[in-house]
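Asker: Residue numbers (my numbering), protein chains in the order written: chain A, -4 to 705; chain B, -4 to 705.
Source of the hints: derived by calculation from the structure; they are not laboratory data. Heads up, none of these hints are tricks.
Same chains, same names: a pair is fine if it fits in one copy or spans any two.
Straight-line distance between alpha carbons at most 25 Å, and here's what the computed BS3-like set of lysine-lysine pairs gives:
#1 K407 with K429
#2 K426 with K662
#3 K251 with K138
#4 K673 with K662
#5 K673 with K423
#6 K613 with K673
#7 K586 with K536
#8 K153 with K138
#9 K579 with K613
#10 K471 with K484
#11 K673 with K429
#12 K426 with K673
#13 K536 with K471
#14 K429 with K662
#15 K426 with K288
#16 K183 with K251
2 protein chains.
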Amino acid sequence: MADNSTANGSANSTVKEEDMLKRNIEDVSNDRDNVKRASNYRPVIVPACAPKIHYSLLKTGLCYDVRMRYHAKIYTSYFEYIDPHPEDPRRIYRIYKILAENGLVDDPTLSGVDDIGNLMVKIPVREATDEEILQVHTPEHLKFISKTTNMTREQLLKETEGGDSVYFNNDSYLSARLSCGGAIEACKAVVEGRVKNALAVVRPPGHHAEPEVAGGFCLFSNVAVAAQNILKNYPESVRRIMVLDWDIHHGNGTQKAFYNDDRVLYVSLHRYELGKYYPGTIHGNYDQTGEGKGEGFNCNIPWSCGGVGDAEYIWAFEQVVIPMGREFQPDLVIISSGFDAADGDTIGQCHVTPSCYGHMTHMLKSLAQGNLCVVLEGGYNLDSIAKSALRVAKVLIGEPPEELPNPTKQVKPEAIETIETVIQTQSKYWKCFKRTHANDGCNFQEKVTETSSTKNFPLQHAIRQEQLQMLTDEFKYLTLPLLKMDLPKETVICSPNIYDSEAIIICVHDTPGIWAQRNRLTGTIDPSTSIIVDNAIDFIKWANSRKYGVIDVNIPQSLLEQDNYSAVITAQEVVTFLWDNYLKYFPSLLKVAFIGIGDAHSGIVHLLGHRDTRNVVKAAISFVDNRPLKSLVPLVDESLGDWYFKNSLIFASTDHPCWGTDGNDNKKPRKKFGRVLKCETDGMNNIIEERFEESTDFILDSFEEWSDSE
Amino acid sequence: MADNSTANGSANSTVKEEDMLKRNIEDVSNDRDNVKRASNYRPVIVPACAPKIHYSLLKTGLCYDVRMRYHAKIYTSYFEYIDPHPEDPRRIYRIYKILAENGLVDDPTLSGVDDIGNLMVKIPVREATDEEILQVHTPEHLKFISKTTNMTREQLLKETEGGDSVYFNNDSYLSARLSCGGAIEACKAVVEGRVKNALAVVRPPGHHAEPEVAGGFCLFSNVAVAAQNILKNYPESVRRIMVLDWDIHHGNGTQKAFYNDDRVLYVSLHRYELGKYYPGTIHGNYDQTGEGKGEGFNCNIPWSCGGVGDAEYIWAFEQVVIPMGREFQPDLVIISSGFDAADGDTIGQCHVTPSCYGHMTHMLKSLAQGNLCVVLEGGYNLDSIAKSALRVAKVLIGEPPEELPNPTKQVKPEAIETIETVIQTQSKYWKCFKRTHANDGCNFQEKVTETSSTKNFPLQHAIRQEQLQMLTDEFKYLTLPLLKMDLPKETVICSPNIYDSEAIIICVHDTPGIWAQRNRLTGTIDPSTSIIVDNAIDFIKWANSRKYGVIDVNIPQSLLEQDNYSAVITAQEVVTFLWDNYLKYFPSLLKVAFIGIGDAHSGIVHLLGHRDTRNVVKAAISFVDNRPLKSLVPLVDESLGDWYFKNSLIFASTDHPCWGTDGNDNKKPRKKFGRVLKCETDGMNNIIEERFEESTDFILDSFEEWSDSE
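Modelling step: build the complete structure from the supplied sequences, incorporating the hints.
Answerer: Now the structure itself:
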């Protein structure tokens, strides 16, 4: 289309051929105007076209069958009756019910009638055939499930015991075949163009069922079986399928079924938490990207914590899911639609709202020409799944998604980290991530490991050198040796007057940050447009101006450690060393004020708890921005805790976790963290700018030098 | 909704109250199953709900009225008849026609009947009232336009001459009032919930008409007038309106109408080209963000070049338009829908496909609960506007957008740069841009200007220091003084044997790049996890190993200049200086090979054209990655051109512009640029890795040292 309309060149030339003919009719109006200026003149309109087609909208398909409610856990106690198993037969009933209550489905008796009105069309559910199931599952697995039909109650209970969180009754096999068949029929209806999209309200769910074994409430891998059979039976119209799994659990079964297959792109958002969250394997991690032909066609988005919600899911969709889907160009999109990430689900413990499910469905409609099939997986709060499914259904029939209840909510830092990692990993395979995110087009971690080669050297060393040079040139500072510690010689720098000063300011900081501009084209950092921002320097100059002694400690950070554990330890060792080997022996020393910046501040807190420094240390000020707070452990004397609280100022950024993640509650950190104050800004540089004067005044007061501070 | 479903805690507990009652009916099946195991048993279903509402979908509204075709340019020549003015009465006719031809509108006679079928509903067009128009325009302007009704042909032609690309006939006033009234009525119908969304096929367009003057084919500012009146008349239901203007021209009129207003967020994507593109003022630049109350509620996305298309528009929508819109939470979205960015429009010269218009409409439907009103602006290729409008209409009635013809196309670097600048600028006002893009939450340029303060020092200086130290420590290198040049003393470093070596390798490079990891939480660069990558060092070590003399030149780059003009000049001065003051006088010098990296390489090319160096210079190798090529200007001798081509190797990245922007054609750079070779990779580091050996071999050959190269 693009091409042929470019072909016929200019706006004017294009119209000529066909239109010159029509001009005498069409433009009679204009010509006359110019002659008669009859503003109330009406042109003679001659029939100009008969509609080539009568355009009609397809309906949305719906799969539902009461027989899928027969699969249920056998009650072995009254308790189980009162507090039933979460994978409860009413799950599909409640979804069907809310669709009827809202008039999307016309079925007052909720009996699953065939004609369900003008908005949706019933897709009859049938049992999946052995042949279909065997496209994914092993004969042994099929055989085992089928046997449950004729087992005794005792056998059933035994198998239920033995399995990985699955249960069986004599109807499990029937329900599982119907659930699987429903998924297949729903996809078929979409692919054959009988419906514009479809919703399969089926159970038992499928995405945990692996080719050879059931698990996680799943008997057959419904979506996988459907996808396999569609690919097999519609080779012309369906070459690629995208499976988007927003169930809060990783779909290990689906992933396994297509791990070596480049025809199916499996994308899953789920809680992972270092593999501790169900299904509790590493298969759900971000680095599981597929094997062989399937490499690059598996994408896990593993949340590192619970409590994620709309902001995180929308972010993931906009940054990863949709761009990737657009590039993959699927012919069909299947949503493995568990609703256990929904707000209110106590198993998932996340906060995805019904509107957000609507938005995600709306975004996915923009792929595969809208060939979209939603298949139910998990989700255990009956209210939540009903409300969520309703919004999904509304978007399917063509309604716009409703507004998110809290669209300005910020994405959790942990989630941003997860997404960045995923993008970093997938940028190997997907163009859409190259331009903007790759570091010089290559994976960062890989490069870092090359740093042994002398070609690369750590930036922080260069920066510290620069500081050292500046301070020695300008103020004749010296380096203070750290005996028997394997650290760069420029780690500790001090003013020449240090030995005989009465008052010393000790500044313990991380390597200064950089204001860098990412090269917009390559994504690399362009040093020519980057600046080092030395936050400590203002304090040092202030101290110089007051003739205080100054010790400036730069804590180098480990290149590979993300958690900066090593930096924290180093800081503790260095600061303690300074006390034990220098400060204690300075003859005329009366007053010390500590200034900590970043992770390094924990070195100060450590010292104040492990030595009794109260006779000289008057103030401990720290800027932690978003870094973790460090609590004082009063080893020498219980009263140290109160003393620390009185003599410290800890500045945390406005959105530091310590204020509570929701931000709106007035959580206060415990006393042991010192006197923690909330800044109005965030970012280390902004915080220090904001509180510089307050800090220096605090030091002057603690030094009892009010007079000067006037 | 979110809240109340969280309220009733666990999946199980929620169901109890209401459901325990229904259990005996609902779950009779399960209970019985366990007893009877009758797999063919059917449960007794009792009517459980009557639909509370009968859900029905609203139609899409359509404004069209033949009378808007009366406004037309008065023909003053046969030529004007053959090749009419682009703002042609048939524009609205052709759009209406294609809707009918595709069955969206049922109107075989195309006469604008009232009943147009099941998919769309006619919204009657009426003339805007004076009161409505005066909400935006000055009485003088209204008076002037109204006068055109009774002007003589001569007066009309005179006013047409005098205006800023507008024309008048005696029906212009009527058409303009209808066009404006149509926009108002379309918005009203959406706001009052009579239609789910609307398409106003109106002309003359409006977005260039400023409160006091007509311009750019526009008489009244239709969209602005509509928005003002909606805000005035629906204060309860409509508090905020987002106007998205995808006409290829900046909507100066609309912007001006709301520049001080925080109730209307105006977002415009348009060609800008340093203000040269129509309307040719700086008002369309990214830094025009609103004034007073309106500050932060105006967002211009100014393309720096023509030829943008789907990739760029989708990128802009995903990165800027939608996140911003979501945060703004409009109650109504109005699209100022010019179709002159469409593929085939010779005025816009861009390549937005009909499908892309569909996708953009689909994305905007996710805002404001789908309250969306599309109002026609420009667009002059009758085929293109018809096809584009058709896709927009299809999405409005609820169809999914069709797939983009070329979804894997990469976003133009210039566009990425534009978007980044816009995000950088808007991050002051919009939370959604803070987390990921802002440098430590603050605008970079602002910070750079502070670099005078000693608190900040340029990173490149620190990096060069580090290099210097390393080379002096390891190889006893020295600095080579640059007399009378205002450059850092470490700019030129050389090996100790330089004075009496036969062969010298001269490496002229930009400040080395950095592999940095953006701190995922703050968006700043964390030096502790960043590495300097010195590309030159491998060449230096290679040269050392062969006992060659080495001169290493680091060209500092200007902190503020983006184009690196100053770096290029510096490189030329330094390299020429080296030749004139050192190399010429080295007694035993026989062979020189140049290695250029980045912008700095232009220094080499400059020298080779301005001096005759052929007796000693044997090879000139440059790695330009994506930087501009530098052509040799043979000042001393014409034949220098051929010589340079024979003795040079210029390595450009795989996607260097010199290979043609579309990439698929085999464009070859001219000879004067030297022998330019296409690398398989991109990114300076990758290129050098890829071609290191080829380069050194080339030098050995040119030095006639094959034997050693074995």
